[in-house]
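Colleague: Going by the numbering used here, 61 is the number at position 61 of the sequence shown; the sequence numbering is gapless.
None of these hints come from the bench; they were simulated from the model. Misleading hints may appear alongside valid ones.
[What the hints assert, rightly or not] Only pairs whose alpha carbons sit at most 25 Å apart, straight line, appear in this in silico DSS-like list of lysine-lysine:
hint	residue 1	residue 2
1	K153	K204
2	K307	K256
3	K256	K22
4	K192	K153
5	K285	K256
6	K22	K201
7	K256	K204
8	K56	K261
9	K192	K204
10	K22	K56
11	K261	K285
12	K201	K56
13	K192	K203
Small disclaimer: the values here were computed from a predicted structure and weren't measured.
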Amino acid sequence: MRILLVDDDEQLVRVLKAILVKQNYLVDVALDGEMGWDLINTFSYELVLLDVMLPKLDGITLCRRLRQQEHNELVMLLTSRNQVMDKLQGLDSGADDYIVKPFNTDELLARIRALTRRGIANVTSMLSCGPLCLNLSTREITYNGNLLNFSRKEYLLLELFLRHPRQVFSRSEIVDRLWVLDDDPPYEDTVKSHIKTIRRKLKKVGADDLIETLYGQGYRIQPSYIVNSYSSSSSSILSQEQTLNSVATTIWERTKGVSLKRITYLEEVVSALREGIVDEEIRHKAIQTAHKLAGSLGTFNFPIGSKLALELEVLFQNQSITQDLLNHAIELVRSLRLQLEGEEGTVNSNVS
Numbered sequence: 001m002r003i004l005l006v007d008d009d010e011q012l013v014r015v016l017k018a019i020l021v022k023q024n025y026l027v028d029v030a031l032d033g034e035m036g037w038d039l040i041n042t043f044s045y046e047l048v049l050l051d052v053m054l055p056k057l058d059g060i061t062l063c064r065r066l067r068q069q070e071h072n073e074l075v076m077l078l079t080s081r082n083q084v085m086d087k088l089q090g091l092d093s094g095a096d097d098y099i100v101k102p103f104n105t106d107e108l109l110a111r112i113r114a115l116t117r118r119g120i121a122n123v124t125s126m127l128s129c130g131p132l133c134l135n136l137s138t139r140e141i142t143y144n145g146n147l148l149n150f151s152r153k154e155y156l157l158l159e160l161f162l163r164h165p166r167q168v169f170s171r172s173e174i175v176d177r178l179w180v181l182d183d184d185p186p187y188e189d190t191v192k193s194h195i196k197t198i199r200r201k202l203k204k205v206g207a208d209d210l211i212e213t214l215y216g217q218g219y220r221i222q223p224s225y226i227v228n229s230y231s232s233s234s235s236s237i238l239s240q241e242q243t244l245n246s247v248a249t250t251i252w253e254r255t256k257g258v259s260l261k262r263i264t265y266l267e268e269v270v271s272a273l274r275e276g277i278v279d280e281e282i283r284h285k286a287i288q289t290a291h292k293l294a295g296s297l298g299t300f301n302f303p304i305g306s307k308l309a310l311e312l313e314v315l316f317q318n319q320s321i322t323q324d325l326l327n328h329a330i331e332l333v334r335s336l337r338l339q340l341e342g343e344e345g346t347v348n349s350n351v352s
């Protein structure tokens, strides 16, 4: 499945993209609403993960524009706003679901799966075609019970064929579906090479004719293999959680400095507030910085830090900062600094 992630928080984008790719989703990224609109009109996406607070074009407006132009992509809004009216506004704009930052990434993945199941009958965690089985939960492929090893692109090719067993895919269609924007642009012969490798591996188990070539048209599953039966299987939840935790931990170590810079900026804003020199532009940037900090800290499992950042976001929205609010802002920023420098959170993907 190809997903467009529209969010201007590059730190959060990095961890979310890595986690989604680990689940074998194809992910493109847009850092503002207008870029997201352009990509949606250029490529085909099954799902758009859309932040509400975006530069150039906010998420609510983008979602509303998609529905007005009769785009049928699934849309899940991502935001740190948890007010009922915000949720209603998001859903009324045409969004299919709404998840509040900070969120548990396991919950996000589950809700993505739930969204993609809507309106599709008999969808479970196993795709089957004769003796060939692809487990969507464990991402394992077996033939007559024997585990087969495929590269990521080979796995995605087989998943594409098994999801659409009667459809013929040309090489150009396969490229459009399985290569994202930051991949090196492949030649169509690259697809031919992947098909050849898949056939060689299947030949070893007696299924070299599973993928049929229709000359001048493309590739499909050999009709004699098609079986309209699907069976569910249990996933290894612990193993998946460990994988996601490892991804999040690695990215946190690489990007911790981004969060610290954001806290430094908020400290500078508080100092400016003391001097009474904060203009509307600075106040707006402070709101955005606190908003991003809340989302990313929550995802990296700093729930207290995320809550502090959310309080700062709300505080900076006040047009007039009283002395009491200023004192509170000073304390919030100080506590944020202590949270990160002490690393009191346990960095993983399971944020409640």
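Colleague: Just pull the numbers of the violated hints for me, sorted ascending.
Modeller: Hints 7, 10, 12 not satisfied by this model.
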